[in-house]
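Peer 1: Residue numbers (the working numbering), protein chains in the order written: chain V, 1 to 339; chain G, 1 to 258.
Honestly, the hints are just simulated from the structure, not real lab data.
Please note that a few of the clues may not be correct.
Below, in silico cross-link-like pairs of lysine-lysine (PhoX-like), each with a Cα-Cα straight-line distance of 25 Å or less [as the list claims (entries may be wrong)]:
1) 70(G) <-> 59(G)
2) 64(G) <-> 239(V)
3) 239(V) <-> 258(G)
Some chain V residues flagged as far from chain G (calculated, every beta-carbon gap over 10 Å) [claimed, not checked]:
4) 27
5) 39
6) 62
7) 154
8) 174
9) 226
10) 235
11) 309
Note that the structure is predicted; figures quoted are calculated from it, not measured.
From the three backbone atoms N, C-alpha and C, an ideal C-beta is built for every residue, glycine too.
Given next are the chains, with one letter for each unit.
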Amino acid sequence: MVERKWLYIYLVLPILLLIFFVADVLLGSEIISLSRALSAFSGEDASYVSAILFRYRIPKALTALAVGVALSISGLQMQTVFRNPLADPYILGVSSGAGLGVAMFLLTCNVFGISILSGAMQNLGHAFAACIGAAAVMLVMLFISARLRDIMAMLILGMMIGSAAGALVSLLQYFSDAVALKSYVMWTMGSVGNVTNLQLAILLSVVLLGIIFVIASIKTLNVLMIGEDYARSLGYNVKKSRTAIIVAATVMTGVATAFCGPVGFIGVAVPHVARMILHEADHRYLVPATMLLGGVTMLFCDVLSQLPGQQASLPVNTVTALLGIPVVVLVIMRNQKIV
Amino acid sequence: MESALQLQNLSVGYHIGAAAKVLCANACAEAKKAELVALVGRNGRGKSTLLRTIIGLQKALSGKVFIFEKAQHSYHVKELATLMSYVSTDNVKVGYLKVFDLVSLGRYPYTSWFGTLSTNDKEIVMHSLQLVGMQDFAERNTNSLSDGERQRVMIARALAQDTPIVVLDEPTAFLDLPNRYEVVFLLQRLAREQRKTILYSTHDWSLAVKTSDSMWVMDSDSFWEGAPADLLQQGVFDKLLIDTNLRLDAKTAEVQQK
């Protein structure tokens, strides 16, 4: 008999992923029927439907999938490395750091009279700025976590760093012009629908590399789970592997945040839901389950945020927050043995 | 008897900026194969630091640690992991982590990149759980264990690592009286029957005097090693109690008022 856990990983979650991917492609302000979509795929239907599908919907669904995988895997890595069940790029202020990087990039280009670079340079600059900002915060958190074992204190510090980044962004906004300001504000709303093909290509390659890296570091994550001293006494070069894992989480968060805005609570909530479904702490199961569930969740949130059939849509990070916060509350209560 | 562990003029401590804070200077000691060695000393004298230095978690300020007559720093960390295992004071709390999976982490120095356990690995994990009397807990969640049960599981994890030397930092610290005795008797049994060299730090001097083959005693400027009875006769323990009105009875090894 196949174990229940593997059933989830090989069957249930992949099917869910497929269903939500198709749903995300078909549902939007214009609802496309499956048969029309199929005829567009076979090339029979070359109307506006195929334009919507290929130019907008499919890249958007791929983006949602990639962002979901990137953020949930980053969350899992951070929870394990910091040994903190509530660690996640958003809560620890890493997303805010990425936001500060983006704000500096978008807003200061104008201050210095440089017209925004175009094409590849702009996309790469944007992603690079976000990664630098994310890395700066991650460095601070690493430095602090080595001296501080208190879970709650670290979260409060994460909030402080987030606020500090926010204050700096406000300052930048005050001195920037209307056009740059608007593009920044639009970015903060979070959207998986505005990525260019080049951005999507960057995002997908980063996530793919991230997935390969995380699978290769499964054993290390399992050892780090019980603490660095144990990891070392088991023959692991803790400093090196810890740094590599943090860098991977930072780059994935940075790039996802750069192109889609700060999307919260996916990183903290998804790994916990994976643990609850599988009743597992072993990363051999958690890593694939978290990736799949992250993709499913982000696609689901995107479907909801599109308000199918309506002209309006919601910022996707409001949806992820509304879905993710109850999970965070549950985790806190369990940690305090309330539930 | 074969020497498993040897300290040669070992000074341990830590650096504050450029200055070194020495906790224990010029310690010389030896632990032989199949010996149970208890490390005692007042709080803040550097017992944990000494154990961490021996295990290789931090560098010695000076002097050397020898593992099977070869300097510790000349081993690769992966090699050290097959010679020494460690049980820290850290309370491992991971949701949904099963006892079997926690103990099987001890097999990691021997498994492939994905950490897949062979039948032999699984047998060793179950055998380790049997040795500490926790075989019926294999499928239990680690979060549902009592302090005594958790400590035994952590010892089983070290046993699964299958090392000739096991180092434990205050394994009885958070335990109630029966569990304290049971853990120490377990360590004694493991030393005798599994032929392991077991070095552990403790605050329970009386129990350590009665059960250990040898003791290491730390004070701010001195380090003694010897058979417990000899150390007791020499009044070594009373030197540690000099600022109190307590003493250790030379016959019963019980704490008494002067």
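Peer 1: Each of the hints needs a verdict: does it hold here or not?
Peer 2: Hint check:
In summary, the hint linking residue 70(G) to residue 59(G) is supported, as the alpha carbons are separated by about 16 Å, within the 25 Å threshold. The suggested pairing of residue 64(G) with residue 239(V) holds, with an alpha-carbon distance near 23 Å, which does not exceed 25 Å. For the proposed pair residue 239(V) and residue 258(G), the alpha carbon gap of about 50 Å is over 25 Å, so the pair is violated. Listed as outside the interface, residue 27(V) is consistent with that label: its C-beta sits roughly 34 Å from the nearest C-beta of chain G, beyond the 10 Å cut-off.
The Cβ of residue 39(V) sits about 44 Å from the closest Cβ of chain G, beyond the 10 Å cut-off, so the non-interface label holds. With a cut of 10 Å on Cβ distances, residue 62(V) stays outside the contact zone with chain G, its closest approach being about 28 Å. Under the 10 Å C-beta cut-off, the non-interface status given to residue 154(V) relative to chain G holds; the minimum distance is some 15 Å. The non-interface label for residue 174(V) is consistent with chain G: the shortest C-beta to C-beta separation is roughly 41 Å, beyond 10 Å.
Not every C-beta of chain G lies more than 10 Å from that of residue 226(V), the closest at about 5 Å, which undercuts listing it as non-interface. The Cβ of residue 235(V) sits about 3 Å from the closest Cβ of chain G, inside the 10 Å cut-off, so the non-interface label is violated. Remark: the non-interface label on residue 309(V) is consistent with the geometry, its nearest Cβ contact in chain G lying 40 Å away (cut-off 10 Å).
Violated hints for the displayed structure, listed by number in ascending order: 3, 9 and 10.
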